[in-house]
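Protein chains in written order, with the numbering used here: chain L, 1 to 234; chain R, 235 to 609; chain P, 610 to 966; chain B, 967 to 1296; chain Y, 1297 to 1551.
Just so you know, the hints here were simulated from the structure itself, not pulled from any lab data. You may find that some hints are simply not true.
As the list claims (entries may be wrong) - Covered by chain P, according to a simulated footprint, are these stretches of chain B (three or more residues, beta-carbon under 8 Å):
{"id": "1", "segment": "1089-1096"}
{"id": "2", "segment": "1104-1112"}
{"id": "3", "segment": "1173-1181"}
{"id": "4", "segment": "1277-1288"}
Just so you know, even glycine gets a beta-carbon here, dropped at the ideal spot from N, CA and C.
Below, each chain spelled out in residue letters.
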Amino acid sequence: MTLLTLNAMQTNIEQYAVLHDVTLTVPEGGVFVLLGRNGAGKTTTLRSIMGLWRPSPGSVTFRGEDISALHTAEVARKGIAYVPENMGVFGGLTIEENLILATKTGKFDTARLNRIYDLFPALKTFWGKQAWSLSGGQKQMLAVARAIIEPRDLILIDEPTKGLAPSIIDAMADAFREISETTTILLVEQNFHFAKSLGRDMAVIDDGRIAHTGSMADFAADKALQDQLLSLSA
Amino acid sequence: ADPIKIALVHGISGSTYEVFSKQTHTGFQMGLEYATGGTMEVAGRPLEIIIKDTQFKPDVARAALAEAYGDDEVLIAVGGTSSGVTKGMLPIAEEYERILLIEPAVADSLTGEDSNRYVFKTSRNSSMDMQAQALALAPDENLFVATLAEDYAFGRDGISAFKAALDGSGATIVTEEYVPQKTTDFTAATERMFNALKDKPGRKVILIYVAGGGDPMGKIQAMEPARYDISISTGGHILPVLPTYKRVPGMEGAIYYYYEIPRNEINDWLVKEHQARFDSPPDFFTAGGMAAALAIVKGLETAESIDTESLIAAMEGMSWETPKGTMTFRPEDHQALQDMYHFKIRVDDEVDWAIPDLVREISADELKIPLGRTN
Amino acid sequence: MTEQNSTGALIVKITVLTIGAALLFAPFLFQDVRSLEVAARICVFVVLVASYDLLIGYTGIVSFAHTMFFGFGAYGAAIALKQMGPGWDAVMVGGLAGMLVSLVVAVAIGLLSLRVKAIFFAMITLAVASVVLVLASQLSDFTGGEDGITYRAPQLFKTATKLAVDEDGKVLRLFGVKLNGKLAAYYFVFATSLALFVLMFRLVGSPLGTVLKAIRENEARAEAIGYRVVSYRTFVFCIAALAASLAGTIYAIWLKYTGPDTMLSFSIMIDILLMVVIGGMGTMWGAVIGAVLMVLAQYYLRDLMGAAAEATSNLPILPELLNPDRWLLWLGIIFILLVYFFPRGIAGTIMQKGIAK
Amino acid sequence: MKNLTQILARMGGVNLLPVAVAAVAFVLIGVPSSWVTLTVAGLAMGMMIFLMASGLSLVFGLMDVLNFGHSAFVSLGAFVAASVLTWLAGWLGADSIFLNVMALFLALTAALIVGLAGGWFFETVIIRPVYKDHLRQILITMGALIVAEQLILAVWGGTPMAVPRPQFLEGAIILGDVSIEIYRIFAFLLGLAVYVALYLTLNRTRIGLLIRAGVENREMVEALGFRIDRLFIGVFMLGSALATLGGAMWAGYETLISPSLGAEMMIVVFIVVIIGGLGSIEGTLLGAIMVGLVGNYVGFLMPKMALASNMILMMAILMWRPSGLRPAVK
Amino acid sequence: MTQPSLVTKDLTIRFGGHLAVNQVNCEFLPGELTVIVGPNGAGKTTFFNLISGQLAASSGKVVKDGVEITKMSPSTRARHGIGRAFQLTNLFPQLSVLENIRLAVQARSGDGWRLFKPVSSYKELTARAERYLEATKLTDVAFLPASALPHGDQRKLEVALLMAMEPDIYMFDEPTAGMSLDHTPDVLELIAEIKHDKSKTVLLVEHKMDVVRALADRIIVLHNGELLADGAPDEVMSSQIVRDVYLGKSGEAAA
Ligand SMILES: Nc1ncnc2c1ncn2[C@@H]1O[C@H](COP(=O)(O)OP(=O)(O)OP(=O)(O)O)[C@@H](O)[C@H]1O
Ligand SMILES: Nc1ncnc2c1ncn2[C@@H]1O[C@H](COP(=O)(O)OP(=O)(O)OP(=O)(O)O)[C@@H](O)[C@H]1O
Ligand SMILES: [Mg+2]
Ligand SMILES: [Mg+2]
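Let's have the full structure, built from the sequences with the hints guiding it.
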């Protein structure tokens, strides 16, 4: 089952054409990984899905419905969560308040909250603290926690591992694996090791175009292709 | 024949005082009409009026006046609205050697040291207001006054003129309160005045001399001065402000003009025509504007020839009729001496505003207006 | 490819140079009284606006006390000319006194409060400026209070002064323009304003100018790479204050009148703000364009509207709206539209346009 | 020393400031009746300023919008209410308390409605393009202020307008030497009601949180599924309605109003918001009361200083607490 | 024996009751590259902030080349040769990439107070800025405003700014976070080069183990604000305690 389709999406930022042609089909369930060099257009793709940039021409279809003209808030209410690359935590609000805003009703689901405490113990420790005072990695945790505090259909995550300590990354990989059983995750990642361990399908974006799509297993096996698209010769 | 050009240099945008300027313009226009019998011509030459806006900015006003004299070549300019702006205009008249007739700005200093022989003034000045006000209190040993004024030159000058007028009458000033300009809460000053007055014997009066809004009279009245036998006195005001006087029936003071007070032909005509044309009675500055126009026409008619020097010669010491009776340009400083009116407030539910009934006319001779300057 | 070379920048520069030329020849090009007043006012306000732009546009300091410094300079000259009589010594004493007072006040405000948040700083300057305004009105023996002071300018600038005479001893005319003191006064205003403007222009193009922009953009980072932010801010605040003070002195000499409404009032502050924004913040070119447009609007929009109202007098409603007394309404509307459609001001927007991709 | 601060903090901290000021004033004034008169008048004045300032504080503190056009709403409210009252002058003069109250109620309601509508217009047309950009906010709202003042001038004319007041609000209650104006009591009660309502809305609902988050990062709040634009309009409308309400009350106090009324109150209103600390309604109330009290005490004790008293108060408080008395946001 | 260029003595900061950096004693030598690791929230960035002056220590001292700098402002410390790049990108967003770098160069040369000559006449400055532009491969985007750069390039610019300051002490806070694999080697190479100049001291916070292993001369471990371990890379990375608090199971895989 396809969950999300991007049809020949072009996005301009001011006068610059950033995405030239992004066509992508994200199936329901599992982790779909979007790879690409710096400046390739990954972030722009996610923002275009959220309606934070407007693709034109091109469209975004979610569960068969064209959402490319919807307001960002409406897109979010379709069940799509977004973790931006700059994390987007509300520095003036406490961790609790940051998380409350991400819930539908203003009340926490205890089970989910406990799962988040397990995953990111620091959030529990600093529960009532204003978010600006968190460390870089802790902010990243909060941003991810906000996306998973409620059940969603699709989570767009932009580089969640940056700045996180190895042990946390491992825990997060486990958590994503668990979540992806019920929720689709569209993951943008530079940490290939992390991406490889999670992804089922993947695509590579280069200079605003989709340069490759396929299964993660195949891509992981094809060193030449990795080298060509991502300079992963290491 | 060549027109005689007259410029009206007033603030007609940029401040809420612009309505005063408009009253002046109306009065001026009607004055010319009345004086020329509707022909708008003097000595066979048509009168042309040019309107300039000072925007209530002295620098703009100076440019506007210079332009009127220099580019438009007007013979006489009439203006300005506020004293500060007008003060800035004085040297321009001297520079261009043309007449500036001041109306409706009030400050005494406009005919003072910084003024010059090209400046005439038909509007009243603060000394007239305050002396008339003092006379309206019928001062004697039995009178105790607390004064309230705004803390700047205008307020302080007014109060010293008032004190000067009381000098020798035996009346006592118990306290002088000065509040910052634009004050809206007078509780503190009123408490101070109550405290200073309440134990005094005899007649106790709070004299209010506040030019801006803030309605100190209403606010002091709300604190019920009557419980200490204190009464309020203040000058009259333009019509839109008179409704607030409904709170103080019986109050006495002095006023510059109220359309029902003066009894003369010119005023009758003015009231009738104004009522007919605008469906409202004329106000302070309508009368003032008319007086200015009448002065100019009489000056032009009596001057030997139509040029600045002859005009000055004609107007120095000239007496002429206005809606408020006869006015005379004092030769020394060109201030027009004029009558004032002692009034008492009457409330009539049928009338929108409180009515200042005439108690007595305070004639120009009774007022000892200090000389501003000698030419 | 940099901003400096875009076609838009070229247009802006040519415009400004044209304005400069027009101001240089103003007495000859426009031979009426009003035009000369307008030209002189433009000169002074270009300096005032440029100095304010140093603060707001380049360094990101919002101050409401700029007219206060303008006033110090003006009152310095005015009081000196009044007390000492017309003469260059009075101009010097007054101008220097104004600058000294400006400098002291600027240093005090700067050191005390440039550390606080921008909006608080703005409010503190507003508070100081209103206290000074009140002082000026209360110390009326000195300042003439609300009514201000009139005085005479040095002999050279009197209209009656003849710079050159013909055989009959009458004042010589050049292209129909009388070579009298008024002309000398105008060129005094023009030359001093130009000098001040050029100085500020050099300043923003210098390394210091870049540092100021850096402070505006990211104060903490500027500090982290080694710039002492508070010193720079205080310094630029003082420079701007001095320039404003000098502009005040010049204007006081030109006007021969100094009063709170022309030199101190909050409405001048608003005028300056409008000029900075209309022209474009963070460019000295913009200061020129903004000052010219606003001053022209102040003097001519009225007439223009009068003409428009006349022309449309047989249409419904329009003449009512175009009533010349409502010119401020239109100024306000134009202003909103400018902020709306030209967020970087006229100069900023045009310069942006031409940048090749 | 430390203990003392702690004890003070427990007893209410900065909230005690007005009490302290009143106590000092009591000693200095020495005449109890004057002190009571001044204190009550000052409290009521504070409440009226609070009414005018609360909208600004809401918009400025929560949405980080510096609305210089706020004063236009104050003037607008004053004129709308004054017009309605003039129109209903018959009811005001009537002996029936009911007609009196109805006239007042209609006047305030009209002011509120105009405020809501004006706020909607203002947000969509004027403010929307300049969120997050203080400078352009100052400028565009100043432009709007000019336009609004001119429109008011065009509609109501420049002559001062006298405001009729309902009969039952006239006069004062006299207790011995103490006089308490009835209008001030009314203003005090209305201000208190507004404060309580605002306090509950902002602290008992998620709205306050959302607005604060939206100011910081609008995109992110939208990405969480909230229509922040609509919320902002709502807040703005509320802020403007509070301004018109404040203006209406002020008109009744002033009894003689002119279009520059709003602009004249603006500096005081800004001072109050800043003294109080950004974004907190509690702070604004505290600031307003401080300004009201200090103004009256200083006016009585040292009339020369009355004008500077607000400025000095503000600077002193900013030196002591650089973000105001009770800032909501750090 | 070389003198340490930077010393911290009992360096401590508390936020309310929370000790973010707790009595850290450390000496750093010129020519040495020290990697600082530790779990999220361990106090690494705070430690940097204390050295470069963004935060004021509650107690303890920072000494550079024998001079105590604990009470100095960040700008004064920068002028004493302390340079740092930030974990969360922290640039001059509206200024062009070139201007960003030129500012750092200019700060170094003390030209900030030059008032009247145009910037362009300082050829030397521009030339030096361009060198760093090339070194970080940002030449193509030199005239874009920094805010328009993709995340990866902003990280590079952050590094370029630090390089352009030419300090004695270089402090990098996760310079390669979010950088793609084709760019990372360039940056690492730059850092390695600094180390070769034997007079410079480098401090590096990094979570990527391959980077740590490739560059580190020495590793110190922070945990809950305390100095947990300090020593040669192999030794530290293989210690049980580091695995427990920091590496988790990936540590086992790596070891
Ligand atoms: N505001 C902007 N103005 C101009 N260009 C922009 C802007 N934002 C992004 N771009 C350009 O769009 C391109 C794609 O950027 P995007 O942020 O999508 O890259 P990315 O793949 O997410 O890179 P990274 O891995 O570095 O985050 C870049 O070349 C960038 O320069
Ligand atoms: N200004 C501050 N106020 C209060 N707490 C702070 C402040 N700065 C940092 N902290 C706290 O200090 C601890 C250490 O933060 P720091 O940023 O130094 O961590 P870090 O080691 O750099 O972590 P990361 O690897 O996630 O970047 C964190 O728990 C953080 O919440
Ligand atoms: Mg990205
Ligand atoms: Mg960190």
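Evaluated hints:
Counting residues of the segment 1089-1096 of chain B whose beta-carbon sits less than 8 Å from any beta-carbon of chain P gives 3, enough to reach three: the coverage restraint holds. Residue count for the segment 1104-1112 of chain B with a Cβ under 8 Å from a Cβ of chain P: 8. That meets the three needed, and the coverage hint holds. Using a Cβ-Cβ cut-off of 8 Å, 0 residues of the segment 1173-1181 of chain B lie near chain P, which falls short of the minimum of three, so the contact claim is violated. Under a criterion of three residues with beta carbons nearer than 8 Å to beta carbons of chain P, the stated coverage of the segment 1277-1288 of chain B is upheld, 5 such residues being counted.
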